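Asks: Now for the letters of each chain:
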Amino acid sequence: MTEVLSPGTIEEAVAMLAEYGEAMPLSGGATLIAMRNAALVEPSHLVSLDRISDLRGIDRTADGKIRIGAMTRHCETAACAELTGSLYVLRRAAGMIANRVVRNMGTMGGSVANADPAADYLPALACCDAMLEIAGADGRRSLSIHDYIDDWYETALAEGEIITAITLPAPVEAPSTYRKIARVSGDYATASCAMALDPDGQGMRVAIGACGPGPLRDRAGEDALRGKLGEPAAVAEFAGKLVAIADPVDDVRGSAEYRLRLIPRLVSSVLSELTTQKETA
Amino acid sequence: MMAKKVLHSLTLNGEEVQVASAAGATLLETLREDLRILSSKRGCNQGVCGACTVLVDGKPVRSCLTLTARCVGHSVQTMEGMDGDQIMATLQRHMVESGGVQCGFCTGGVLISARELLEDNPSPTREAVKTALSGNICRCTGYRTIVDAVCGAAEELSQ
Ligand SMILES: Cc1cc2nc3c(=O)[nH]c(=O)nc-3n(C[C@H](O)[C@H](O)[C@H](O)COP(=O)(O)OP(=O)(O)OC[C@H]3O[C@@H](n4cnc5c(N)ncnc54)[C@H](O)[C@@H]3O)c2cc1C
Ligand code: FES
Ligand code: FES
Numbered sequence: 032m033t034e035v036l037s038p039g040t041i042e043e044a045v046a047m048l049a050e051y052g053e054a055m056p057l058s059g060g061a062t063l064i065a066m067r068n069a070a071l072v073e074p075s076h077l078v079s080l081d082r083i084s085d086l087r088g089i090d091r092t093a094d095g096k097i098r099i100g101a102m103t104r105h106c107e108t109a110a111c112a113e114l115t116g117s118l119y120v121l122r123r124a125a126g127m128i129a130n131r132v133v134r135n136m137g138t139m140g141g142s143v144a145n146a147d148p149a150a151d152y153l154p155a156l157a158c159c160d161a162m163l164e165i166a167g168a169d170g171r172r173s174l175s176i177h178d179y180i181d182d183w184y185e186t187a188l189a190e191g192e193i194i195t196a197i198t199l200p201a202p203v204e205a206p207s208t209y210r211k212i213a214r215v216s217g218d219y220a221t222a223s224c225a226m227a228l229d230p231d232g233q234g235m236r237v238a239i240g241a242c243g244p245g246p247l248r249d250r251a252g253e254d255a256l257r258g259k260l261g262e263p264a265a266v267a268e269f270a271g272k273l274v275a276i277a278d279p280v281d282d283v284r285g286s287a288e289y290r291l292r293l294i295p296r297l298v299s300s301v302l303s304e305l306t307t308q309k310e311t312a
Numbered sequence: 058m059m060a061k062k063v064l065h066s067l068t069l070n071g072e073e074v075q076v077a078s079a080a081g082a083t084l085l086e087t088l089r090e091d092l093r094i095l096s097s098k099r100g101c102n103q104g105v106c107g108a109c110t111v112l113v114d115g116k117p118v119r120s121c122l123t124l125t126a127r128c129v130g131h132s133v134q135t136m137e138g139m140d141g142d143q144i145m146a147t148l149q150r151h152m153v154e155s156g157g158v159q160c161g162f163c164t165g166g167v168l169i170s171a172r173e174l175l176e177d178n179p180s181p182t183r184e185a186v187k188t189a190l191s192g193n194i195c196r197c198t199g200y201r202t203i204v205d206a207v208c209g210a211a212e213e214l215s216q
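Residue numbers (the working numbering), protein chains in the order written: chain Z, 32 to 312; chain H, 58 to 216.
Worth flagging that the hints you see were computed from the coordinates, not collected in a lab. Misleading hints may appear alongside valid ones.
[Said to hold, decoys possible] Over the 12 Å line for every Cβ pair with chain H, so calculated as not near, a few chain Z residues:
{"id": "1", "residue": "Ala49"}
{"id": "2", "residue": "Ala65"}
{"id": "3", "residue": "Pro74"}
{"id": "4", "residue": "Ala112"}
[As the list claims (entries may be wrong)] Short derived list, chain Z residues pointing at chain H, Cβ under 10 Å:
{"id": "5", "residue": "Ser37"}
{"id": "6", "residue": "Pro38"}
{"id": "7", "residue": "Ile41"}
{"id": "8", "residue": "Leu57"}
{"id": "9", "residue": "Gly60"}
{"id": "10", "residue": "Leu63"}
{"id": "11", "residue": "Ile64"}
{"id": "12", "residue": "Ala69"}
{"id": "13", "residue": "Leu77"}
{"id": "14", "residue": "Asp81"}
{"id": "15", "residue": "Cys106"}
{"id": "16", "residue": "Val132"}
{"id": "17", "residue": "Asn135"}
{"id": "18", "residue": "Val215"}
{"id": "19", "residue": "Gly217"}
{"id": "20", "residue": "Thr307"}
[To be verified] Which chain Z residues stay away from chain H? Per the calculated CB distances, all over 10 Å, these:
{"id": "21", "residue": "Glu34"}
{"id": "22", "residue": "Glu43"}
{"id": "23", "residue": "Glu53"}
{"id": "24", "residue": "Arg67"}
{"id": "25", "residue": "Asn68"}
{"id": "26", "residue": "Asp90"}
{"id": "27", "residue": "Cys111"}
{"id": "28", "residue": "Ala129"}
{"id": "29", "residue": "Arg131"}
{"id": "30", "residue": "Ala189"}
{"id": "31", "residue": "Glu204"}
{"id": "32", "residue": "Thr208"}
{"id": "33", "residue": "Arg257"}
On a predicted model such as this, the values are computed, not experimentally measured, just so you know. Backbone N, C-alpha and C fix where the C-beta goes; we use that ideal spot for every residue, glycine too.
Pulled out of the complex, with its shape left as it was, chain Z reads as follows (with noise of 0.2 Å):
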């Protein structure tokens, strides 16, 4: 039996999460009901996070920053004209996400916190550089998104800890996207990729998603990378950087093998697809 409590504000959602041990933050649902729908969960209590209107709404922070709240739907990011140039990328990367009715129910809260090593959201925000806002009975803390994947499903949220807000720097004048390889619209990716160049168009930012536990991202390679986006053996070198560091499985969607080799071929192509954007612009 699950008993559905809705509290109004973010200290008492983390008061009823650190009350009832078995209780479960609730935010689109699209996948929490559907596990527990499965019998895979079985929470006591669902703390249902829509009636808090401090995790609603995109805003820009007096700094020029974006600050999604969490419960913020799949939806409204596809809509969102504020995410253009360098942030244009998760805009687009909500936009793929499933189907429309699903959109109109996942949050973006939900989705980071749920982790699916296939998720849109993961390499997207990995790509912007996003920090995370975390909130539990101790106290807040932000925390980088590069810092937050620990492996396979796992997380550096501690039990009973909520995410509030995705905070992404402001956005700058730069061609950026999301290109997902999928079986057919509408399902999780066999592997994707986020992309942004430099204002200058010198360097790039790239995360790689769904052949890991998280985003692939070698920051290192991307700065060795600088100047040479137009030498096609730099570029590949800098893909075999990252083929190196991911941990694809083999499952419905793909091979393993198959997905280290969809990897350089992203990498490439979504290259090429900004640099023309960049020229024509």
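For this one, chain Z is given, so just place chain H with the ligands on it according to the hints.
Replies: Relative to chain Z, chain H with the ligands alone:
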């Protein structure tokens, strides 16, 4: 064990209703088992097939993944409450005429997803129709006749 029932008040197809459902019941369970509203179907109970799709506050959602408790104070609309909706009536007619309905299990969900598409994009391409319906699984038709119906309805509505 008998599940503990809780009284939920919601607006269903424009009318205030009070319904006793299990505390953690899904909207699909409440609709089908407690209210005997049968247009939304239970296919997968996992959010995948789309047969249970209904509108909450005007937006399509999966009723199998929505808790009834979260609908308190909100408006729920099912196919039973769509009489008089012009987009829906046109879609329905085209579905019948083009053979987009066979067993009918998927049809309600397909129509609700298609209606949202046409509200948003009155002249979708075939590709856009297919993408919009990618979350609605049909075991019977092979989809072509469904896509024909939605495109036909779009054409008629935009005249
Ligand atoms: C048919 C279908 C197809 C899908 N396809 C895709 C896809 O292609 N790509 C993709 O990325 N995703 C996909 N998803 C997943 C979807 O994006 C979910 O919405 C998402 O993973 C979970 O978000 P939610 O808000 O529904 O979270 P919920 O289901 O409410 O919660 C998920 C988990 O996170 C916890 N949680 C929720 N919110 C918080 C919070 N703020 N802080 C801490 N913990 C929290 C919950 O306790 C639960 O364990 C799909 C889902 C379905 C049903
Ligand atoms: S029963 Fe809800 S999507 Fe299949
Ligand atoms: S008509 Fe039978 S499932 Fe679609």
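Asks: It remains to establish, for every hint, whether it holds in the given structure.
Replies: To see whether the hints hold, each was checked on the structure:
no. : hint   : in the structure
1   : Ala49  : 20 Å, holds
2   : Ala65  : 5 Å, violated
3   : Pro74  : 9 Å, violated
4   : Ala112 : 16 Å, holds
5   : Ser37  : 7 Å, holds
6   : Pro38  : 13 Å, violated
7   : Ile41  : 18 Å, violated
8   : Leu57  : 7 Å, holds
9   : Gly60  : 5 Å, holds
10  : Leu63  : 8 Å, holds
11  : Ile64  : 4 Å, holds
12  : Ala69  : 7 Å, holds
13  : Leu77  : 7 Å, holds
14  : Asp81  : 6 Å, holds
15  : Cys106 : 8 Å, holds
16  : Val132 : 5 Å, holds
17  : Asn135 : 5 Å, holds
18  : Val215 : 7 Å, holds
19  : Gly217 : 4 Å, holds
20  : Thr307 : 23 Å, violated
21  : Glu34  : 5 Å, violated
22  : Glu43  : 16 Å, holds
23  : Glu53  : 12 Å, holds
24  : Arg67  : 8 Å, violated
25  : Asn68  : 5 Å, violated
26  : Asp90  : 22 Å, holds
27  : Cys111 : 16 Å, holds
28  : Ala129 : 6 Å, violated
29  : Arg131 : 6 Å, violated
30  : Ala189 : 25 Å, holds
31  : Glu204 : 29 Å, holds
32  : Thr208 : 18 Å, holds
33  : Arg257 : 37 Å, holds
When held up to the earlier numbered hints, the structure conflicts with 2, 3, 6, 7, 20, 21, 24, 25, 28, 29 and fits the remainder.
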